[in-house]
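J.: Take a look at the letters that make up each chain.
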Amino acid sequence: MATAAAQQTASTQAYGAQGAIGDTTAYQSVFDAAVAADERIEPRDWMPDAYRATLVRQIAQHAHSEIIGMQPEANWITRAPSLRRKAILMAKVQDEAGHGLYLYSAAETLGTGRDELLDKLHSGRQKYSSIFNYPTLTWADVGAIGWLVDGAAITNQVPLCRCSYGPYARAMVRICKEESFHQRQGYELLLALSKGTPEQHAMAQDAVDRWWWPSLMMFGPPDDESAHSAQSMAWKIKRHSNDELRQRFVDICVPQAESLGLTLPDPDLRWNEERGHHDFGPIDWTEFREVLKGNGPCNEQRITQRRKAHDEGAWVREAAAAHAAKHIGETGATRA
Amino acid sequence: MSTPETTAAPTASPIPRAAAIALGDDALVLSHRLGEWAGHAPVLEEEVALANIALDLLGQARVLLSLAGDEDELAYLREERAFRNLQLVEQPNGDFAHTIVRQLYFSTYQHLLYAELAAGGGPFAPLAAKAVKEVAYHRDHAEQWTLRLGDGTEESHARMLRACEALWRFTGELFQPVEGVEVDGKRMETAWLASVGEILRRATLSVPEGPRSGAWAAGAGRQGLHTESFGRMLAEMQHLHRSHPGASW
Amino acid sequence: MTNTDWPLWEVFVRSRRGLSHTHAGSLHAPDAELALRNARDLYTRRGEGVSIWVVPSSAITASSPDEKDPFFEPSADKPYRHPTFYEIPEGVKHL
Chain E
1 MATAAAQQTA
11 STQAYGAQGA
21 IGDTTAYQSV
31 FDAAVAADER
41 IEPRDWMPDA
51 YRATLVRQIA
61 QHAHSEIIGM
71 QPEANWITRA
81 PSLRRKAILM
91 AKVQDEAGHG
101 LYLYSAAETL
111 GTGRDELLDK
121 LHSGRQKYSS
131 IFNYPTLTWA
141 DVGAIGWLVD
151 GAAITNQVPL
161 CRCSYGPYAR
171 AMVRICKEES
181 FHQRQGYELL
191 LALSKGTPEQ
201 HAMAQDAVDR
211 WWWPSLMMFG
221 PPDDESAHSA
231 QSMAWKIKRH
241 SNDELRQRFV
251 DICVPQAESL
261 GLTLPDPDLR
271 WNEERGHHDF
281 GPIDWTEFRE
291 VLKGNGPCNE
301 QRITQRRKAH
311 DEGAWVREAA
321 AAHAAKHIGE
331 TGATRA
Chain U
337 MSTPETTAAP
347 TASPIPRAAA
357 IALGDDALVL
367 SHRLGEWAGH
377 APVLEEEVAL
387 ANIALDLLGQ
397 ARVLLSLAGD
407 EDELAYLREE
417 RAFRNLQLVE
427 QPNGDFAHTI
437 VRQLYFSTYQ
447 HLLYAELAAG
457 GGPFAPLAAK
467 AVKEVAYHRD
477 HAEQWTLRLG
487 DGTEESHARM
497 LRACEALWRF
507 TGELFQPVEG
517 VEVDGKRMET
527 AWLASVGEIL
537 RRATLSVPEG
547 PRSGAWAAGA
557 GRQGLHTESF
567 GRMLAEMQHL
577 HRSHPGASW
Chain S
586 MTNTDWPLWE
596 VFVRSRRGLS
606 HTHAGSLHAP
616 DAELALRNAR
626 DLYTRRGEGV
636 SIWVVPSSAI
646 TASSPDEKDP
656 FFEPSADKPY
666 RHPTFYEIPE
676 GVKHL
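Protein chains in written order, with our numbering: chain E, 1 to 336; chain U, 337 to 585; chain S, 586 to 680.
Source of the hints: derived by calculation from the structure; they are not laboratory data. Cβ coordinates follow ideal geometry from the N, Cα and C atoms, glycine included. Be a bit skeptical, because a hint or two may be false.
Sample of chain E residues facing chain S (criterion: CB under 7 Å; computed from the structure) [what the hints assert, rightly or not]:
(1) R44
(2) D45
(3) G98
(4) L101
(5) A320
(6) A324
Derived lysine to aspartate or glutamate pairs resembling DMTMM-like cross-links, with alpha carbons at most 25 Å apart [what the hints assert, rightly or not]:
(7) E/K326 to S/E633
(8) E/K308 to U/D431
(9) E/K195 to E/D209
(10) E/K326 to U/D406
(11) S/K653 to E/D38
(12) E/K120 to E/E244
(13) E/K195 to E/D38
(14) E/K195 to U/D406
(15) U/K466 to S/E633
(16) E/K177 to S/E633
(17) S/K653 to E/E290
(18) E/K127 to E/D38
For each label pair, taking beta carbons as the anchor points, the in silico distance ranges come out as [unchecked claim]:
(19) S/R602 to E/R239: 36 to 42 Å
(20) E/P48 to S/P655: 40 to 46 Å
(21) U/L561 to E/T197: 33 to 39 Å
(22) S/D651 to E/Q256: 49 to 55 Å
(23) E/G329 to S/R631: 31 to 37 Å
Construct the entire structure; sequences and hints are all you get.
T.: Rendered as C-alpha cells:
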C-alpha cells in the first residue's frame, strides 16, 4: 500500500506529526507537563514515538472491534422476531459501523491511514476484541451482547472519554453518548424473554451462561500480567486498571441479573461485606489466550467475511475513484 | 400486540386495506433485502448509508402494515401467496450494481408515487408527506451511485449494464393499478421512464430495450405470485417468530 | 489504481440555525458530493444537524504547535481589550 504514505502527506496540513527537530528533551518535558496537568495532546503536538504507537495500536484495535463486532449481531437482522426488534437491531449494527468510522478517523490524525489499518486487520497483524470470536447461536445472544458485552465495553470506554489524546477522547464522548441505547435494548430484550414462555426464558439463561465469562475477559488480563497497562496509565491513555474495571462491572451486573430473573454462572459469586465488593470465581485464562491466538469458535469466519466484503467491494471503490478523477471540478455543491 | 412508535394521524377517509398491505410489503421486503448488506458493504461509509435507507423503509412498512392490522402478524404469519409486494423488491441483492439499480428503479417509482399521494389528500397523504422526503434521499443515493458506477471503470460499467438489463423486466409491474391507490399510472410511467432514462444516459449506460415484464409473470407480485428466492427469504425472516407461537418479544 | 485514492474530508456541522458550523470529524469519499452525503449519513443520523460543510483535509492549513508562543502569547497581556479592565463607579447602569 504505497498510498498510506501519500495519504499521510495529504493530511499533513491538518494533522502532520511534528518531527523532533532539535532538542527532544525540551519537547518531552512540554509533553510530560501537559499530561501531568491533564491537558489534552492534540494531533500536531510533539509526542513520544511510543505514545503514538500505543495509541495507534489501541485505537485501531478498538475500531476493528466495532467493525468485526457488527457480524455476530448482523447474523440476526434477517431473523429478528418482531419488526420493532428488527429496527432496533439494524440501528445498532449501523451505529457500530459509525463508531468504527469515528475511531478510524481518530487513528488517522496520528498519521496512519484507514487502508493501512484495514490491511493489518485483514492480514492478522492487528487484533480486535476476542469477544467477537464467540458465536451468536440464538436470538437471546443479541440481548446478552447488548447487556453484557456492551455493558463491559461501556465500563471500559467511559474513562476513555478523558483519555489524554484529544481526538480519541472526543470520539469516545460521541460513541458513549450513542451507545447508551445499546445496553438498554439488550437488557430489555432479555427481560422480555425472561418473562416470556419457558422456552424463551431458557433461551435467555443459556445466552447469559455462555456470554458471562467471555465478558469478564474483555477487561484484559489481570493487572500483574498486563503488558501495556502501567505505561498507558502513566500517559493517561488508560485511567483505571483492568481488575478495577472488571470488579466494577461485576458489582453492576449482579443486581441487574436479579432484576432480570436470570442467574450468573458462577458458584463463587457472593457479596463480600469487608471489601464492599462481590467476590467472583477464577477466570479461565487458558481459554482467553486460546481465543486470542486464533483458536476461538469464530476467528476464521469473522476475518474471512471481513476480507470478502473488502475484496468484493474493491471494484466499487475503484469505480468511484475513477469517476472522481474524470469529473474533477464538476461538483455542484455550494457553500451554505 | 405491537405498535410502531410513529403512527399516521387519523384521517377522515377509511384506509384501503389492500393498498396499505401492497405498499407496506414493498417497503418491508426491500428493507429486509437491504438489511442483508449489514457487514458486507463495499466500504464502511456505505454500511451506514444502506442501513439508513433500510431503516426508513422499515419505518414506512410498520406504519402501513399497522393501518391494515397487527404489523407482526402481517409480517410473520402470512404465507408467501398473501404478500403483495412487487417482484422487483424481492430480487436478491446480487452485487452492489444490482442493489443500486434495484434502488434506482424502485425509489424513482416510490418517489413519484408518494409525491402524488401526498398531494392528493387521500388516506395515505399524511404518511406519504413524511415518506416522500425519505424517498427523495434514497433516489438521490441511487442516482449518485449510478453515475459513478456507470461512468467509473470498465468493470463497473459492465456490471451496471448487466444489472440494468437483468432487473428491467420487473419494472412493468410498477405501474399496474393497485386497488385503493388513487394515482395516474400512465402518467407516472411516462415520468419514470424519463427520469430513469435521463440518469442512465448521464451515467453512459443505455436504456435496456427488452420487455418490461416476464412472458409468464406479468404483474404477479401484486397478485401474490412471487419469484423463487422470495420463499427462501420469507422462511428466514419468519422462522424464529413462527417457532414460538403466541410469544412476545 | 487502488481504493486508497479516496481522500480524507473534514466534516463541519451546523447543529441548528443561529449557530456556526463546528468540526464533527472526518471521513473518506471519492468526491465532494459523496463526501457530503456520507457526512449526512454518518454525522447527522440522530438529528444533529441542519447544514453540513465538507472540506478536503489536505486543504486545511494549520498553525504549528512550534509557533504557539509567537502566535498566541502576545494576546495574553492586553487586558485592556476586556471589559473587566475598567473600573466604573458603583451605581452606574447600562454600561
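J.: A closest beta-carbon separation below 7 Å is what the hint needs, so does E/D45 meet it against chain S?
T.: At about 5 Å, which falls below the 7 Å cut-off, the nearest Cβ of chain S leaves the hint on E/D45 intact, so it holds.
J.: Check the hint pairing E/K308 with U/D431 against an upper bound of 25 Å on the C-alpha distance.
T.: The hint holds at about 13 Å.
J.: So does E/G329 sit 31 to 37 Å from S/R631, Cβ to Cβ?
T.: holds (34 Å)
J.: With 7 Å as the cut and Cβ atoms as the points, is E/L101 at the interface with chain S?
T.: holds (6 Å)
J.: Given the hint that E/K127 pairs with E/D38, test it: the Cα-Cα distance must not exceed 25 Å.
T.: violated (29 Å)
J.: Is 33 to 39 Å right for how far apart the beta carbons of U/L561 and E/T197 are?
T.: holds (36 Å)
J.: Given the hinted pair S/K653 and E/E290, is their Cα-Cα distance within 25 Å?
T.: Measuring from Cα to Cα gives roughly 49 Å; hence the hint is violated.
J.: Is E/K195 close enough to E/D209, meaning Cα to Cα at most 25 Å?
T.: The given pair, whose Cα atoms are some 17 Å apart, holds under the 25 Å limit.
J.: Should the hint that E/G98 touches chain S count as held when the rule is a Cβ pair under 7 Å?
T.: Nearest chain S Cβ about 6 Å off; hint holds.
J.: Taken at face value, is the distance from the CA of S/E633 to the CA of E/K326 at most 25 Å?
T.: With a Cα-Cα distance of about 34 Å, the restraint between E/K326 and S/E633 is violated, given a limit of 25 Å.
J.: Measure nothing beyond the straight line between the CA atoms of E/K177 and S/E633; if it is 25 Å or shorter, mark the hint as holding.
T.: Status holds; Cα separation ~13 Å.
J.: If you check the beta carbons of S/R602 and E/R239, does the distance land in 36 to 42 Å?
T.: The hint (36 to 42 Å, Cβ to Cβ) holds, given that S/R602 and E/R239 are roughly 38 Å apart.
This entry does not satisfy hints 7, 10, 12, 13, 17, 18 and 20, going by the numbered hints stated previously.
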